[in-house]
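Visitor: Hey, can you work out the whole structure from these sequences and the hints?
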Amino acid sequence: MRNAKSPMSWSCWSSVSSWSSRVPRATLRWSKRAVVVAVAVVALGMAPARAAEPGADPVPIAVSPGALTFDQPNQARQLTIHNRAGAPVTVRAARLVSMGDPDFSVDLVANRLIAADGTLSLKAAYTPRVAARRQSFAAIELEVQPPGQTATQMVTVALRGGEELDLLSWLIFAPLLGLPLLWLWPRGREEGLRWLALAVTAVPLALAAKLLYEFDPGFTRVQGNFGYQFVQHLVWIRAFNVEYHVGVDGLSIGLVALTALISMIAVVASWSIPTTRNLRGYFAMLLLLETGMLGVFVALDLFLFYVFWELVLVPMFFLIGLWGGPRREYAALKFFLYTLLGSVLILLAVIALYYASAPTTLVDGSAAAHTLDIPRLVYIDDFSKHPALLGLKFAHLIWVLLFVGFAIKVPVVPLHTWLPDAHVEAPTAVSVILASILLKMGTYGMLRIAWAILPEATRWAATAVAVLGAISVVYGAFCALGQTDLKRLVAYSSISHLGYCLLGMAALTPIAMSGAVYQMISHGVVSAMLFLLVGVLYDRTHERGLDAFGGVATVMPRYAIMFALAFLASLGLPGLSGFIGELMALLGSFGKFRVSTIVAALGLVLGAAYNLAAIRRVQLGALPERWRGVLTGHDLTAREWVSLVPLAVLTVALGLYPSPLLDAARVGVADLLTRMGLPSTGLGGGL
Amino acid sequence: MLGNAASLGPFAFELVLAAGIFVVLGVGLLARAGSRRVALGLTVVTLAGATVALLGTAAPQARGLFGGLLARDAFGDFFKLLAAVAGVLVALASIASEEVLDHRDGDRDAAEYGALLLAVVMGAGLMASATDLLTATLSIELVSILSYVLAAFSRRSSRSAEAGLKYVIYGGVATGTMLYGFSLLYGLAGSTDLAAAGRAATHAPVMVGGTALALVMAGLGFKLAVVPFHTWCPDVYEGAPTPIAALFSIVPKAAGFALAYRFFLGAGAGLDGVDAGLPQPTSAALAAVAVATMTFGNLAALAQQNVKRLLAYSSIAHAGNLLLVFVAAPGAAVPALLTYLGIYLFMNLAAFLAVVALVREGVGETLDDFAGLGRRAPVPALCLTIALISLAGLPPLAGFPAKYAVIAAVIARGAAGGGALFFVLALVAVLNTVVSLGYYARVARVMYFGAGHPHAQVIRLAPLHTVLLLVTTIPTVLLGVYLAPLSSLAARSAQLWPGR
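These protein sequences, in sequence, are chains A and B. 1 is the number of the first residue of the first sequence in the numbering used here; add one for each residue after it. 1001 is the number of the first residue of the second sequence in the numbering used here; add one for each residue after it.
Honestly, the hints are just simulated from the structure, not real lab data. From the three backbone atoms N, C-alpha and C, an ideal C-beta is built for every residue, glycine too. Mixed in with the good hints, there may be bad ones.
Stated by the list, open to error - Cβ-to-Cβ under 7 Å is the rule here; a few derived chain A residues that face chain B:
#1 Tyr213
#2 Leu234
#3 Val235
#4 Val307
#5 Glu310
#6 Leu311
#7 Gly321
#8 Gly325
#9 Leu389
#10 Leu390
#11 Leu392
#12 Gly629
#13 Val630
Guide: So, in C-alpha cells, the structure goes:
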C-alpha cells in the first residue's frame, strides 16, 4: 500500500495516492499501459500526418516562409520566392489583400521574371497605424504565370502582425481544464466539489471581466479584422478546410460576459443539491456545458460554431434527466431530439454554404477550394446569385433551413413545445442556464449567421419573422396567463420576451436591432433571477403551484422585494432593463411592421397581467397555514443573496444606464446593417 | 502488372497470415492447458507481423499482382490495416470472454479460433484487393464460410448454432446468386476484370445491365447487410458470441465496401475528377438502397430490446450511410469512405467490447439488464455511452467528422451540378441521425436513469477488457478533435489500381 504520509504530502497528492490505492493494482497497471498504448497509437498516427500532404495542383514556385508573423511593430521580414520549374517564371503581380485598412506594406512588383532555379525576394513590413487594432491579418497574393501558359495561378502568403491574443481560448477551455480536477477530487469529500466548481467557473468570469475592460466599443469593420477583436486564427482540420477562428465584437461581448456570470451563479444555485446525488457528474456536465456556450458566442468558423452548438446537447440531456423533476426523462429526451432536429438542419445549411463559397486561402496561406469562415462568407461571398434549388432561390432555401434550426432553439412558436417541459423538469441551476443562455444562442445564431451571410434572404423573409415574433409574444403571454405552475409561467414568459427580440431583428433598423440585442442580455439577467426566485420557494416548500401560495411577503419580506423586482423587470417596467429592450424593439419596428408591432405591444398588457398576477398570488393575500412554519424565519440565505444581488444590480443598472451596453450593441449592429446595405445610423423605422 | 513470382513480395501480408494460420494450428496441437493465451497471443503477434510486412512492402505506385487478379495499392492497404487492427482487438477481447472460449473447452478451441480469425482477416484483405471476378468470388466465399463457422462457434449455445445455420443458408443463396450475376457480367464485359465488369454493367442497356447488377447486389448487399439483403444480420449478431459479432460488424463490412467500390467506381480515373461517377440509373438505384437501408435500420432499432440486436440494426443503418458515398462526388468519395470506416472501427468496437465486457461479468443482453449500469459499472457504461453518442454522430466525438465527411461528399455532388436530389439525400441522412439518437439515447437513458437492482454489486471488469475499452474509446474522443492523422491517411489511400 502506498504511504500517504510522505514529507511533500499536499492533501491533493495524498488523496490521489489514497484513491489509487483503492483501485486494484492490476487495473491500475493495465490502465497505465492502455493510456501509453493509446498515446502511442495516436503518436504513430501523427507520423504519417507529418509525412507528405496530398499535393494540390503543383505550382512551379515555392514560397518560404508560407506565412509571416510579426510580433514587434516596425518589423520587416523577407519573403523568398524560389523558381522550382525548369524554365523562367513570371510573377505578374504581388498584391496586399486585407479586410479593412492594412497595417502592412509590401514591395509591390509587376511582371518580374525569375530565372530557372532562381529566387526573388520581397520585403514585407508591419507598421501599425491604428492603435486600437492590436492584431492585424492580411495576405500577399502573388499572381504567377507558369512557363508556357497564359493562365496565371495564385499563391498566397499569410501575414499576421501584432499580439498573439489567446484570451478567448483560455476563456472557452478553462471549464474543460477543470474537468480532470473534478475527477481527481478525493472520494468522501464531496462538499469540496462545490467550492472546486465555484473556483473553476470563477476563472472564465475573471477572464470575461478582463475582456470587457480591454474591449474597444468603437472598433468597427473599417478598422480591420472584419470588426472582431481578440482574434485567434489557426488551421484546425485541413481536410475539411476548417479553421479555429474565434473573436468577439459588439454582438457577442455582452453574451460572453453574461454566460460567464450566469454559469458561476448557477454553481451557487446548485449548492442545495445533496452530495449523495453524484455531484461529480453534475459539475462535470455543468462545466462541459459552459465550454459549449462560451464557444458558440465566440466561434467565427461554421464548423467550430456547430461543434460548440452541439456540445451543449449531451450535458443538458444528462443534467435534466438525472437531476431533474418527476418527468425528467421525458423532458430530457424531448429536448434532445427536438433540438438535434434543429441542429442537423443547420448542419445541412452549413455544408451547403461551404460548397457554394468561393475559393480562398486559409490563415496559414494554403489554398482552399471553399471556406467555412464566417467573416469571409459574410463579406466576400454573395449567395444571392446562386442557381435555384427545389423551386426556391438557393439563398432562400438555406436561410429557411438555418432559421428553422435556430428557431427551435429560441424557441419560436410553433416550435416551442420542448421548452416548458425542459424548464419545469430541470433543476433550478439548469433552468437558469437554459433560459438565460441557451435560448440566446438561437437568436445570436440567427444574427451572426443567417442575417449576416444571407442578407437578401433575410429581407425576403423579414415579414414572416416579424409575424412569428408577434405571435410568439402574444401566444407566450396568453399561455403564461393560464398557468398554475410558477416555473411553467416563467417558461412561457421567456417565449414571449424573445418574441420581442425576433420582432426587432426582423425590422432591420438600427434602433430595433440594438433593442433586440439589448433585450437578449436583459432577458438573460431577468429570467435567471426569476428561476432563482422560484427555486428559493421550491427549496423550502417543494411546491410551485400558484394556488398553493399567498401572503409570502408577510413572512419573507426580503424575498418579496426581490420577487417583485424580478417580475416587474419581466413586465418591462421603466427603470429596469426589460423596458429598454422592448421599447427599442417596438419603436424600431413600428415603421416597417405596423400590425405586428401593435399586436406585440398588446403583449405588453398581457405581460403586465401575468407578472402582476404572479406577484399578487404568491406575495399578497393570506398565507396558507401549512407554510407558516416552513417559511417564517427562513428568508433569503446568504448564498441566495449572493446569487440574486448581482443580477438585481445588473437589472437596475442596465435599466437606468443602458449606454455602455447599447453602444457596443449599436456598433455590432451597424456593421451588420451596412453589410446588408441598409442604413446603419439614424432612427430608422419611419419615425 | 506483376507476374506470379514478382507478386510474392507485395503479397507479404497474406503470406504472413497464411504462415501464421499453420503455426497457430500447430501450436494448438502441441500445447497443453493455459494455451488460450498462447494461441491468441500468437494470433496477435501474427497480425502485428503481417502489418509490419504490409507497411514494409508498400510502394508509391499501385501495382497489379498475379497477372491482374489482385491489386496492391494504398486503397487496399488501408483496408488490410483496418482488418488487422480489428483482428487484434477482437482476439484480445476473446481471451477473457467466456462466450467464445468457455472455461471447459476454451483452451482446446483457442487455436482453431485464432486460426479462423487470421483466415478471416486474410480473406478480408483479399476482398479489399480483389480486381478480378474470380478472386472476388474466392475472397467473398472465404470470408463468408469462415464467418458461418465463427457464428456457430459457441458449441453449447443453441442460439449460436441457429445463427450459424441462418447465416449459411442465407449466405449460400446470396453468393450463388452473385455468381450467376458475375457470369452475366463476364458475358457483358468479355473479361473477368472487376472494374471492367462493373463499368460494363453500369453502362449497358438497363434490362441486361440492371439484371446483372441486381444479381450481383444480392451478394454484395448480403456482405454489406443492406436492405433488402439484411435479414440475416440481427439474428446472426444476436446469436453469435459477442466478440465475433464485433468482428462481423467491421471486418467483412469494410472489405465488402472496398470490393463494392472497386466494382462500381474502380474503373474510372474518377479520383482526378474527370469521371463523373456512376451513370444515372445505377446512381439512383444505389441512392434508393442507401435511403431504404438507413431508414429501415434506424426505425427497426427503435423497437429493439436486446442490445446486440440494437447494435446490429445500428450497423445496418451505418452501412446505409456509407452507401451514400457511392453516389457522392468522385473526388471526395474515397477519403470520406475511408475516414468513416476508420472512425467506425473504433466507435463500433468500443460499443461491442463494452457489451463483451459486461456480458462476461454476468450482465444480460437485454436493455432491462442494463438498467442502472451507470452506477454499478461506471467505466464500461461511460465508454458505451461515448461510443453510442459517437455512433449517433454528435460532436465533439469522432462520429461527427465521419458523418460530416459523407454528407459533405453528397452535397458536393449536388453543388457541382448534380441537382436537388442530392440535397434531398443529405436531408434524409441528417434526419436519420435524429431518429438514430432515439435508440442510442435510450441505451444511455436505461443505464443512467434506470433504477436497476437495489442490492446489485459493483461490477469489476477484467483488466484486459478495461484496457481494450480505453484503447477503443480514447481514439473515439481524440479523433473528434484531432482528425489530421486519419484524414491524411485517408487522403493518401485514395489510390486504386485501375485494372487490366
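Visitor: Hints first: check each against the structure and report whether it holds.
Guide: Hints, one by one, checked against the model:
1. Tyr213: At 31 Å from the nearest chain B Cβ, Tyr213(A) fails the 7 Å test, so the hint is violated.
2. Leu234: 12 Å, violated
3. Val235: 10 Å, violated
4. Val307: With a minimum Cβ separation of about 4 Å from chain B (threshold 7 Å), the hint on Val307(A) holds.
5. Glu310: This interface hint holds because 5 Å falls under the 7 Å limit.
6. Leu311: 6 Å, holds
7. Gly321: Given a least distance of 5 Å, the restraint on Gly321(A) holds.
8. Gly325: 13 Å, violated
9. Leu389: 5 Å, holds
10. Leu390: 5 Å, holds
11. Leu392: 10 Å, violated
12. Gly629: Hint violated; Gly629(A) Cβ to chain B Cβ min 33 Å, cut 7 Å.
13. Val630: With a closest approach of 30 Å, the Val630(A) hint is violated.
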